[in-house]
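Q: Taking the hints into account, I'd like the entire structure generated from these sequences.
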Amino acid sequence: MPGANPRPLPPHDGDVPLGVLDLVPISSGESVADGLRKTLDLARHADRLGYHRYWVTEHHLNPSTAGLSATLLTALVAEATRHIRVGSGTLQLGHRTALSVAGEWGLLDTLHPGRLDLGLGRAGWHPPESSVTDGGPSGERGAGPDGAPAFTGPSSPYPRLVSSDLFALHRLLLPRNPLNSPDYADQVRDVATLLDGTHRAGGLQVQAIPGHEAQVGIWILGRTAGESAEVAGQLGLPYATNYHSSPSTTADSLAAYRKAFRASDSLDRPYVIVTADVVVAPDDDSARQAAVGHDRWSLANRTGEPTVFPSPKEASAYPWRPEDRELVADLGRSRLVGTPRHVAAGLRELRDRFDADELLVTTTTFAQSDRLRSYQLLAEEWRLPKSLDV
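Heads up: the sequence shown begins at 1 in the UniProt record's numbering, then just goes up one per residue.
Since the hints were derived computationally from the structure, they do not count as laboratory data.
There could be a bad hint or two in this list.
[As the list claims (entries may be wrong)] Computed spacing ranges between beta-carbons, pair by pair:
1. 282 with 215: 37 to 45 Å
2. 318 with 107: 17 to 25 Å
3. 213 with 82: 35 to 43 Å
4. 165 with 326: 20 to 28 Å
5. 252 with 207: 14 to 22 Å
6. 111 with 34: 23 to 31 Å
7. 284 with 201: 56 to 64 Å
8. 322 with 209: 55 to 63 Å
The structure displayed is predicted, hence computed values, not measured ones.
Backbone N, C-alpha and C define an ideal beta-carbon position, used for all residues, glycine too.
A: Spelled out as structure tokens, the structure:
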């Protein structure tokens with residue numbers, strides 16, 4: 001498989017590396033352009049603070065986020081930064097061909113060699129009549145905004161989720177590309193071999209110029225103990241799973257990946273990133289205030305009616321029903337909100353619980369200043385090595 005081994009960075013002071021997962025949110029009263037500018041501002045901030053990776057998510061037909069295209073966003077973030085690895089969390093592979101992915105990411109690699117992480121998810125692999133999709137930190141088993149599971153039924157970890165016009169439009173307008181390989185694992189292999197220059201089609205050697213021989217790290221991103229976890233293991237690829245939006249499925253997802261793992265040329269043992277939702281502030285009251293609005297935003301995403309991130313006043317005015325609270329209770333319990341020491345302790349507990357090699361933190365607040373402060377305080381507590389020449 002192509003790309004650098006994901007282990008080049010040693011832990012800092014006994015801790016695993018920290019990265020950023022940016023959901024590219026839009027706050028109430030702001031435009032899509034505002035959301036993009038905030039992402040670039042945060043990316044430069046994370047680069048200076050010494051975070052290891054900066055991944056952006058991809059969502060469609062969604063007014064709550066400016067993250068429409070992981071490829072375009074990665075290009076913007078890579079251009080705005082100098083050292084931090086940048087990439088997709090996740091690129092929805094089912095809507096694209098392997099050649100288009102390899103060509104576009106190979107093009108990015110010519111400008112930013114050795115800095116790209118191509119996170120691949122299964123979104124778009126569902127049959128037209130199904131409500132099940134597969135994506136990763138931005139949406140596996142549900143292309144819902146912010147990775148919200150968009151499926152119902154007895155096997156769902158969220159059986160009370162409702163259907164919506166948004167989910168129906170995803171199935172109608174983002175179906176599996178008919179030019180894709182018939183199997184998800186085959187398409188991942190196709191992307192990998194196109195990037196490393198060993199792909200053959202119809203007996204002919206393929207050079208996916210400028211994608212061939214690109215130094216792009218390939219990741220699989222998933223949510224459940226399903227095909228994404230199994231493919232990542234079988235192909236010997238690193239795996240990322242999204243505790244931040246589906247805490248109840250993380251343990252099973254990682255167990256499935258580790259059980260399926262087979263060593264590859266680039267990876268000799270399983271390598272795992274776990275995402276976490278955090279808000280850090282100098283004191284508990286400030287942290288809780290900065291986090292106000294997240295439950296309302298998450299509820300809108302999970303019910304397929306996404307909206308911009310509400311102001312504190314708008315969030316406080318929402319008429320919560322008991323069933324609404326129940327629908328997002330798991331997120332409230334898993335979110336780490338508080339002082340730097342409290343949040344860092346919670347992250348270390350997650351690291352140990354899931355034997356994570358890295359952690360990817362996502363912080364979404366109404367005010368950009370709260371978000372920047374949160375990442376800075378966490379970086380200082382974690383003792384990340386600052387980049388002095390950014």
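Q: Does the beta carbon distance between residue 284 and residue 201 stay inside 56 to 64 Å, or does it fall outside?
A: holds, 58 Å
Q: Using the beta carbons of residue 165 and residue 326, state whether their distance is inside 20 to 28 Å or not.
A: holds, 23 Å
Q: Could you say whether the range 55 to 63 Å given as a hint is met by the Cβ separation of residue 322 and residue 209?
A: holds, 58 Å
Q: Are residue 318 and residue 107 spaced within 17 to 25 Å by their CB atoms?
A: violated, 44 Å
Q: Can you tell me whether the CB distance of residue 252 to residue 207 sits inside 14 to 22 Å?
A: For residue 252 and residue 207 the Cβ distance comes to about 40 Å; the hint is violated.
Q: Taking 35 to 43 Å as the hint, is the beta-carbon distance of residue 213 and residue 82 inside that range?
A: With Cβ atoms ~23 Å apart, the hint is violated.
Q: Between the beta carbons of residue 282 and residue 215, is the distance compatible with 37 to 45 Å?
A: Since the Cβ atoms of residue 282 and residue 215 sit about 40 Å apart, the hinted range of 37 to 45 Å holds.
Q: Determine whether the Cβ-Cβ distance between residue 111 and residue 34 falls within the hinted range of 23 to 31 Å.
A: The hinted range 23 to 31 Å holds for residue 111 and residue 34, with Cβ atoms some 26 Å apart.
Of the numbered hints given earlier, the model fails hints 2, 3 and 5; all others are met.
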